[in-house]
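Take the sequence shown: its letters are residues -27 to -1, 1 to 359, numbered as in mature numbering (1 follows the signal peptide of the UniProt record, and there is no 0).
Because the hints were derived from the structure by calculation, they are not lab data.
All C-beta atoms in this analysis are idealised placements derived from N, C-alpha and C, irrespective of residue type, glycine included.
Accuracy of the hints is not assured; some may be wrong.
[Stated by the list, open to error] With a straight-line Cα cutoff of 27 Å, these simulated DSSO-like cross-link-like pairs (lysine-lysine) come out:
| no. | residue 1 | residue 2 |
| --- | --- | --- |
| 1 | Lys160 | Lys289 |
| 2 | Lys72 | Lys289 |
| 3 | Lys289 | Lys78 |
| 4 | Lys170 | Lys284 |
| 5 | Lys284 | Lys239 |
| 6 | Lys314 | Lys170 |
| 7 | Lys78 | Lys170 |
| 8 | Lys289 | Lys76 |
| 9 | Lys170 | Lys160 |
| 10 | Lys78 | Lys160 |
| 11 | Lys284 | Lys160 |
| 12 | Lys314 | Lys289 |
| 13 | Lys284 | Lys52 |
| 14 | Lys160 | Lys76 |
| 15 | Lys72 | Lys160 |
| 16 | Lys72 | Lys170 |
| 17 | Lys170 | Lys289 |
[Unchecked claim] Label-pair distances were calculated between CB atoms; the ranges are:
| no. | residue 1 | residue 2 | range |
| --- | --- | --- | --- |
| 18 | Val14 | Thr167 | 13 to 21 Å |
| 19 | Arg28 | Ser228 | 18 to 26 Å |
| 20 | Thr77 | Glu307 | 33 to 41 Å |
| 21 | Asn61 | Thr158 | 19 to 27 Å |
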Amino acid sequence: MSISQRTLTSCLLSVTGAVCFVQAAPASRPPSTRGGCSRVVFNLPVTAENYVFVRPPDPNSEPSIQAFIVDFFTTGPDKFIIGTHTVNETFAVNAVYCKPTRKTKHRNTLQILIHGITYNSTMWSGYGFGDQYNWHAHANRAGYHTLAIDRLGHGLNSRSYDPTSIIQTPLHIETHHQLVTALRTSKSNPLSRTFSKIILVGHSYGSVLITAQARRYPSDADVLILTGFSNFVSGGTVVLEFEPAAIHDASRFPSVPYGYLVFQNKDDRDGFYHPGHHDPAIAAHDFAWEDIVTTGEFASSSGDAMWGAAKGYRGKVLVVTGVYDREFCVPSVEECEGILKGTVEGLFPDRERGGYVAVRDAAHDLTLHYSAEETFERVIGIVGGW
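Turn these sequences into a full structure, and let the hints steer you where they fit.
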């Protein structure tokens, strides 16, 4: 059977098996007018046990930063992490909140959108290239509230924190847990309301964080949507070159410690897109306005603490990844589907329901491809049916 490029394959899994089906992509159409969106700031008290590394770098020395990254990849987390230290502080978290455009059964459901490394909350709006790339627009039209956060150290949040000892994975997990707690339990938050149902939506490292949060706090979310993600890391070596943001673009990142890093060249960034299946103007904007990744995020993002199964999570989970995602899948529909199926079953053994979507004409940045609108509609359709 011949399957068009602009087609999505979806599978719904229960604990005992899977039912797969192929659905032709719906015709493209602009979303209806969105409701109001506004910037909000959450001040969250956070306590986290961050890692201590065997040879922390000098944040003002580029050679020291580069040596630290090489040391991490050659030493491995077991010998690289030698202990923990407590971070206890109130952090300001910037976010974009968008209201639903119509009333549906989802009126008490909030989707919290968590970006990956070298991104910020603007990725979820498609950088302003139209609502066909805008997650908010599609979710709001389906009746969901959406909240796209800037993770600590990213977007409009302060970059004054130490990039190695402070901006790490454990701090992100605890921050997101406090955010969920505030939105579930008290109206004294910037949205002045609570939500009975929380959906955590991640991209790439954001999906890794959500999985780790579900393992540590299995009751935080009712549904997980994990995009640009799997528990498989490509066997092919992907060489990515990073440099300090303050050196790469001093006008955008003045006086930022060297441990805040960006992609050094556009070719590396373009590897997140499937050639011919995206607007080159989006890829150009994506590189010109890239955000950061910290040395602490790099060094705290591996090992069982990040990639172990989320036992005890009993909600629903959907994994959505491009077939041409060179980090988390392989360019074969059947093999990619097998990887995503294995991810759901392996990482979420106690789930209530699970499923996956293998996007046939997208790579890692699947929400910024021409197929984004079909992906949004398929994902919202599956989750809405749950």
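Comparing the hints with the structure gives:
1. Lys160 to Lys289: With Cα atoms ~26 Å apart, Lys160 and Lys289 stay inside 27 Å; holds.
2. Lys72 to Lys289: Holds: Lys72 and Lys289 sit about 23 Å apart, inside 27 Å.
3. Lys289 to Lys78: holds (17 Å)
4. Lys170 to Lys284: holds (20 Å)
5. Lys284 to Lys239: violated (39 Å)
6. Lys314 to Lys170: holds (25 Å)
7. Lys78 to Lys170: Roughly 11 Å separates the two Cα atoms, so the pair holds.
8. Lys289 to Lys76: Given pair Lys289, Lys76 holds - Cα atoms ~23 Å apart, limit 27 Å.
9. Lys170 to Lys160: holds (15 Å)
10. Lys78 to Lys160: holds (21 Å)
11. Lys284 to Lys160: violated (31 Å)
12. Lys314 to Lys289: holds (14 Å)
13. Lys284 to Lys52: Holds. Lys284 to Lys52 sits at ~26 Å (cutoff 27 Å).
14. Lys160 to Lys76: Holds, at roughly 21 Å.
15. Lys72 to Lys160: Answer holds: Lys72 to Lys160 is near 16 Å, not above 27 Å.
16. Lys72 to Lys170: holds (15 Å)
17. Lys170 to Lys289: holds (12 Å)
18. Val14 to Thr167: 13 to 21 Å: holds (18 Å)
19. Arg28 to Ser228: 18 to 26 Å: Check passed, 25 Å falls within 18 to 26 Å.
20. Thr77 to Glu307: 33 to 41 Å: holds (36 Å)
21. Asn61 to Thr158: 19 to 27 Å: holds (21 Å)
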